[in-house]
Amino acid sequence: MSSTVQELYQALIVERSKAPRFSGRPEVFDAQGRGENAMCGDRVQVFWQRGGVVRHEAHGCAILTASADLMAQAVAGKSPAQVAAMRGAFEEVVTSGRENPALGDLNALAGVAQYRARIRCATLPWAALAEALKEGQVHG
Amino acid sequence: MSTRAFNVSEIRKDFPILTQQVHGRKLVFLDSAASAQKPRVVIDAMVRVMEMQYANVHRGLHWMSERTSDAYEAARDKVAAFLNARAREEIVFTRNATESINLVAYSYGRTALRPGDAVVVSEMEHHANLVPWQILRDAHGVELRIAKITDSGEIDWESLEAQFADGKVKLLAITHMSNVLGSYTPAERLVAFAHARGAKVLLDGCQAIVHRAVDVQALDVDFYVFSGHKLYGPTGIGVLYAKREILEAMPPFLAGGEMIDSVSYERATWAPPPYRFEAGTPAIIETIGLGAAIDYVQAIGLDAIAAHERELTVHGLKMLAGIEGLRVLGSAQDRGGVLTFTMEDAHAHDIATLLDRQGIAVRAGRHCAEPLMGRMGVSAAARASFALYTTVEEIDALGEGLARIKQIFK
Ligand SMILES: Cc1ncc(COP(=O)(O)O)c(C=O)c1O
Numbered sequence: 001m002s003s004t005v006q007e008l009y010q011a012l013i014v015e016r017s018k019a020p021r022f023s024g025r026p027e028v029f030d031a032q033g034r035g036e037n038a039m040c041g042d043r044v045q046v047f048w049q050r051g052g053v054v055r056h057e058a059h060g061c062a063i064l065t066a067s068a069d070l071m072a073q074a075v076a077g078k079s080p081a082q083v084a085a086m087r088g089a090f091e092e093v094v095t096s097g098r099e100n101p102a103l104g105d106l107n108a109l110a111g112v113a114q115y116r117a118r119i120r121c122a123t124l125p126w127a128a129l130a131e132a133l134k135e136g137q138v139h140g
Numbered sequence: 141m142s143t144r145a146f147n148v149s150e151i152r153k154d155f156p157i158l159t160q161q162v163h164g165r166k167l168v169f170l171d172s173a174a175s176a177q178k179p180r181v182v183i184d185a186m187v188r189v190m191e192m193q194y195a196n197v198h199r200g201l202h203w204m205s206e207r208t209s210d211a212y213e214a215a216r217d218k219v220a221a222f223l224n225a226r227a228r229e230e231i232v233f234t235r236n237a238t239e240s241i242n243l244v245a246y247s248y249g250r251t252a253l254r255p256g257d258a259v260v261v262s263e264m265e266h267h268a269n270l271v272p273w274q275i276l277r278d279a280h281g282v283e284l285r286i287a288k289i290t291d292s293g294e295i296d297w298e299s300l301e302a303q304f305a306d307g308k309v310k311l312l313a314i315t316h317m318s319n320v321l322g323s324y325t326p327a328e329r330l331v332a333f334a335h336a337r338g339a340k341v342l343l344d345g346c347q348a349i350v351h352r353a354v355d356v357q358a359l360d361v362d363f364y365v366f367s368g369h370k371l372y373g374p375t376g377i378g379v380l381y382a383k384r385e386i387l388e389a390m391p392p393f394l395a396g397g398e399m400i401d402s403v404s405y406e407r408a409t410w411a412p413p414p415y416r417f418e419a420g421t422p423a424i425i426e427t428i429g430l431g432a433a434i435d436y437v438q439a440i441g442l443d444a445i446a447a448h449e450r451e452l453t454v455h456g457l458k459m460l461a462g463i464e465g466l467r468v469l470g471s472a473q474d475r476g477g478v479l480t481f482t483m484e485d486a487h488a489h490d491i492a493t494l495l496d497r498q499g500i501a502v503r504a505g506r507h508c509a510e511p512l513m514g515r516m517g518v519s520a521a522a523r524a525s526f527a528l529y530t531t532v533e534e535i536d537a538l539g540e541g542l543a544r545i546k547q548i549f550k
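So the sequences go chain by chain: G and B. Quick note on the numbering used here: the first sequence kicks off at 1 and runs consecutively. Quick note on the numbering used here: the second sequence kicks off at 141 and runs consecutively.
Keep in mind that the hints were calculated from the coordinates and are not lab data. A hint or two may mislead.
What the hints assert, rightly or not - If you anchor each label on the Cβ, the simulated ranges turn out as follows:
(1) B:H267 to G:A19: 30 to 38 angstroms
(2) B:E191 to G:L12: 51 to 59 angstroms
(3) G:S96 to B:G164: 20 to 28 angstroms
(4) G:Q10 to B:V181: 40 to 48 angstroms
(5) B:E464 to G:K78: 38 to 46 angstroms
(6) G:E36 to B:E328: 35 to 43 angstroms
Stated by the list, open to error - Quick list of in silico lysine-lysine cross-link-like pairs, DSSO-like style, CA-CA up to 27 angstroms:
(7) B:K153 to B:K166
(8) G:K18 to B:K546
(9) G:K18 to B:K550
(10) G:K78 to G:K134
We treat Cβ as the ideally placed atom computed from N, Cα and C, and that holds for glycine.
Please put together the full structure from these sequences, using the hints given.
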């Protein structure tokens, strides 16, 4: 198999899609958002707690689940403003394919840039989180 | 029509695209149910029109227009013969099957059907044969009923009986072959069943027409629709067959040039079928391309094509059955070369992406049949579909590809 495909489905992604570390609906949370890909039916729900604790429930492909999980890891302890900035930087990585040293493990998804139809799988959890953090929903 | 001996490696030479490479690998195209590749004869026929005898049809009094009209109308004769229609006037050209169904739902649905009448579709319809009826229901007050299928992907006759029991059903609109489950529906029996209960029948032949000879007179079906692009023809051309007396009673769908007899500033009288339903400049080049595609498949012979594809389907099913954790959707007795499946370890999109990297094209997702996916208990699935140019080796390549995917997600 060509190297690019291994780049996309590298161990970290396969591992997190099969055994996510940040999945499950928490008993209490301060905001939630959801995302759905109408084309394929994939969906993700994201739960946010003040202080920057994020959990997710992802139903879909490996890219979606791994992206949700790596997102939850990356945004731990971050403020909504920091999350928004990180989302922009992440979208840049998955559309350009150029890694960003500041994003750590999130760079594992850089390979998705090669698969136009799959970029949305990677960005959907971030859109769901942005919805949760939308003005009016969250204070502080 | 003379048929040549079926030789898949010879046939492959007719399709220029099959020598292409994808990601540095030989293309293995297993997505023909979405749209089939085009043989050289179709491509050439279309180029020839544009290079040698192109003008608008039915309008010019000049040589070019007359020749183009002849070629365009010759395609109608070819379609009529292909379907064994009683008359060429029973063949209406549309953009695709979707437009054909919308035409029937709008024109026939809002005049021949009355509020309170019911339309029945099955659980295994493509959105194209569901949504137009939902719109008709909301706009015109007909009832829309859904006949169940069995877990194997076949008609549930008990459910169908029940839907028809109150005598309100005036139209059964149903697929002739499922684009997800691969099942053929027993068209002749369905038509007889519906007619005995006073209902007309529309068959969505998008998939079936590619794999089997269809005889609309033998079926006695009232409406039959298909798209040219799945039958090795170009995009932009579709067919609506309907019995002449039904078409004659139907009002136009779109209005404009070509579909009228005479027009004053106050009113217009409509042309007879089929022109009544072909408003505006038609897809001239594509229609001629469809004619060439029909010539092509008839020269090979649909029986030979069906035999080849049966062999591929048996081989494909056996190959998939050998992969642990893989589930094929549907297990109809009478099925064609459309194999939709899920894998325990990998999501349909991951399967499609990973196969693509190996040069193998399959479709993944909901296949424009979202309610059916729910009915089968899955949210998305991958689909490999076969055509007359598909080889056993390509199916084996799919098997190897799937084995590698299992390896990645093990
Ligand atoms: C069974 C069936 N019906 C209808 C359609 C719609 O065809 P088109 O998009 O060419 O109108 C398709 C094609 O995907 C199909 O497979």
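Evaluation of the provided hints:
no.	hint	verdict
1	B:H267 to G:A19: 30 to 38 angstroms	36 angstroms, holds
2	B:E191 to G:L12: 51 to 59 angstroms	55 angstroms, holds
3	G:S96 to B:G164: 20 to 28 angstroms	23 angstroms, holds
4	G:Q10 to B:V181: 40 to 48 angstroms	46 angstroms, holds
5	B:E464 to G:K78: 38 to 46 angstroms	42 angstroms, holds
6	G:E36 to B:E328: 35 to 43 angstroms	41 angstroms, holds
7	B:K153 to B:K166	14 angstroms, holds
8	G:K18 to B:K546	13 angstroms, holds
9	G:K18 to B:K550	10 angstroms, holds
10	G:K78 to G:K134	15 angstroms, holds
Of the numbered hints listed earlier, not one is contradicted by the structure.
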